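These protein sequences, in sequence, are chains A and B.
With the working numbering as the guide, the letters of the first sequence map in order to residues 388 to 464.
With the working numbering as the guide, the letters of the second sequence map in order to residues 509 to 880.
Be aware that a few hints might be false.
[Unchecked claim] Under the rule of at most 25 Å between Cα atoms (straight-line distance), these lysine to any residue pairs were calculated in the SDA-like manner:
hint	chain 1	residue 1	chain 2	residue 2
1	B	K739	A	I443
2	B	K752	B	T742
3	B	K824	B	T809
4	A	K404	B	S737
5	A	K404	B	T690
6	B	K570	B	T559
7	B	K739	A	R403
8	B	K570	B	L700
9	B	K824	A	L429
10	A	K440	B	E749
11	A	K440	B	S729
12	A	K404	A	A417
13	B	K750	A	F420
14	B	K750	A	T447
15	B	K649	B	T732
16	A	K440	B	S746
17	A	K421	A	E389
18	B	K750	A	D414
19	A	K440	B	N741
20	B	K859	B	K752
21	B	K739	A	A435
22	A	K404	B	V702
The hints are simulated quantities; they were obtained by calculation from the structure and are not laboratory data.
Values in this document were obtained by computation on a predicted structure and should not be read as measured data.
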Amino acid sequence: MEIQILVFGQAQEITRKSTWSEVNTKDTEALIFKLSQDFPQLSVINYALAVNKIIIHQNTELSDGDVVAILPPFSGG
Amino acid sequence: MDLQRYQRQILLHEIGASGQLKLQASRVLIIGAGGLGCSAIQYLAAAGIGTLGIVDFDVVEKSNLHRQVLYTTNDIGKFKAKVVFERIQALNADVKTLVYNQKLDNSNALEIIGEFDIVLDGSDNFATRYMVNDACVLLNKPLIYGAVLRFEGHVGVFNINLSGSQSTNYRDLFPVPPNPETSPSCNEIGVLGVLPGTIGILQATETLKIITGIGTVLANSVMTYNALSLKFNTFQLSVTEKSKAGIPQTEAEFKAFNYDWFCNSTTSIPQISHLEFDKLLQTNNLTIIDVREQNEEPAITEFLHLNLPLSLLNTKLHGIPLNRPIITVCNSGNRSLSASQILQNNFPSAKIYSLQNGIIAYKNYLNSISNV
Chain A
388 MEIQILVFGQ
398 AQEITRKSTW
408 SEVNTKDTEA
418 LIFKLSQDFP
428 QLSVINYALA
438 VNKIIIHQNT
448 ELSDGDVVAI
458 LPPFSGG
Chain B
509 MDLQRYQRQI
519 LLHEIGASGQ
529 LKLQASRVLI
539 IGAGGLGCSA
549 IQYLAAAGIG
559 TLGIVDFDVV
569 EKSNLHRQVL
579 YTTNDIGKFK
589 AKVVFERIQA
599 LNADVKTLVY
609 NQKLDNSNAL
619 EIIGEFDIVL
629 DGSDNFATRY
639 MVNDACVLLN
649 KPLIYGAVLR
659 FEGHVGVFNI
669 NLSGSQSTNY
679 RDLFPVPPNP
689 ETSPSCNEIG
699 VLGVLPGTIG
709 ILQATETLKI
719 ITGIGTVLAN
729 SVMTYNALSL
739 KFNTFQLSVT
749 EKSKAGIPQT
759 EAEFKAFNYD
769 WFCNSTTSIP
779 QISHLEFDKL
789 LQTNNLTIID
799 VREQNEEPAI
809 TEFLHLNLPL
819 SLLNTKLHGI
829 PLNRPIITVC
839 NSGNRSLSAS
849 QILQNNFPSA
859 KIYSLQNGII
869 AYKNYLNSIS
879 NV
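Please model the entire structure based on the sequences and the hints provided.
What follows is the structure in structure tokens.
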């Protein structure tokens with residue numbers, strides 16, 4: 388199983404890349420854990436999570452080909 | 509109606525004379541006369557919105573001019589809201605412009621927002637954004653959201669009742685505000701000048717579509733725009749219980765809600781004042797870390813320090829002495845909070861502080877005491 392990650396805003400400063408693939412992450416909780424291991428600073432910032440372009444607020448199962456987006460808030464005007 | 513002025517717009521059969529009359533009858537409030545506000549308000553005034561309100565308490569600074577294109581070099585030091593009023597009058601005297609040269613807070617927000625049909629958020633801080641969102645939910649006003657940072661922007665239309673769907677709001681996207689120490693602003697990490705122009709124009713476009721009832725409005729969605737990759741992405745929002753529960757339910761609750769605290773309550777890093785910092789300096793027993801990037805001005809000559817840029821901090825943790833207090837400094841006191849948070853996460857038992865308000869304010873403080 389492979390999912391695609393898209394990273395936006397300030398989170399890109401942490402990951403240093405805007406997109407990549409992850410394997411073996413059965414749901415968004417597992418993915419968040421994996422990301423916090425790979426990028427400890429990601430666990431310090433807030434962000435919204437979207438699965439296939441839908442913003443989610445609870446653990447969501449992931450399947451092959453899903454696209455997960457990480458969207459930190461910003462407030463500049 | 510000035511047919512000649514609006515001729516090209518009335519020619520669009522989707523708008524026509526009836527659409528122009530709707531624009532003329534509408535009342536739009538723009539919160540913030542910064543990059544987003546400057547961009548949106550010009551097109552809304554040109555399009556013939558009947559009444560435009562502008563709320564801003566700030567004055568024009570030189571560092572605003574690369575993106576806040578309503579202002580000229582001669583306007584530096586003037587109140588933004590007043591300059592906007594003059595420019596809009598010159599552009600289109602048909603528009604009734606209401607100037608609120610004051611800080612929007614929860615004591616005046618409901619009264620001011622209540623005077624308008626649609627609200628366009630061009631503010632520059634989370635406390636105002638959450639407050640404006642909540643006020644729009646309470647008053648049932650559509651909110652056109654926009655935000656920018658570096659090369660990226662957001663646009664969204666909240667709190668709008670389209671056929672059948674429940675309306676979402678900003679808290680359905682971001683239920684809680686970010687930690688201030690990990691959420692930098694444009695003042696700290698910059699913004700491409702043209703970016704708020706693009707996003708403000710998209711906000712103005714959505715406003716015109718809602719008023720005239722044409723097209724597909726970006727309702728219950730947020731769109732991201734990346735200027736570097738020229739990519740747009742749209743994300744769908746749904747109504748969440750958490751958002752409903754977080755919003756004040758009555759006017760009294762709204763007025764009692766402390767938005768500044770709500771958006772700043774998460775920091776655990778102690779900040780030290782200039783006076784306390786001076787005292788600690790005299791103990792000669794501390795490590796000061798300048799977390800600004802290489803060669804940032806002003807240079808620090810007042811005390812010995814290490815320079816470990818925030819962007820590299822995670823890779824340089826091994827070299828930091830932990831047997832005495834650590835104080836991080838930056839220009840305004842925000843990045844140093846982020847740096848201190850990172851240090852604290854890595855070294856939970858170390859004593860870590862952040863210099864409140866940063867080195868620029870500290871230098872001013874030193875000047876002020878040397879002049880006494």
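Tested hints:
1. B:K739 / A:I443: At roughly 22 Å apart (the allowed maximum being 25 Å), I443 (chain A) and K739 (chain B) satisfy the hint.
2. B:K752 / B:T742: 23 Å, holds
3. B:K824 / B:T809: 23 Å, holds
4. A:K404 / B:S737: Cα-Cα ~13 Å, so holds.
5. A:K404 / B:T690: Holds, at about 19 Å.
6. B:K570 / B:T559: 29 Å, violated
7. B:K739 / A:R403: Holds. K739 (chain B) to R403 (chain A) sits at ~18 Å (cutoff 25 Å).
8. B:K570 / B:L700: 15 Å, holds
9. B:K824 / A:L429: 18 Å, holds
10. A:K440 / B:E749: Roughly 20 Å separates the two Cα atoms, so the pair holds.
11. A:K440 / B:S729: It holds: about 10 Å lies between the C-alpha atoms, which stays within 25 Å.
12. A:K404 / A:A417: Status holds; Cα separation ~20 Å.
13. B:K750 / A:F420: Holds, at about 23 Å.
14. B:K750 / A:T447: Holds: K750 (chain B) and T447 (chain A) sit about 17 Å apart, inside 25 Å.
15. B:K649 / B:T732: 23 Å, holds
16. A:K440 / B:S746: 12 Å, holds
17. A:K421 / A:E389: Holds: K421 (chain A) and E389 (chain A) sit about 14 Å apart, inside 25 Å.
18. B:K750 / A:D414: 21 Å, holds
19. A:K440 / B:N741: 8 Å, holds
20. B:K859 / B:K752: Distance ~39 Å between K859 (chain B) and K752 (chain B) Cα, so the pair is violated.
21. B:K739 / A:A435: 19 Å, holds
22. A:K404 / B:V702: 24 Å, holds
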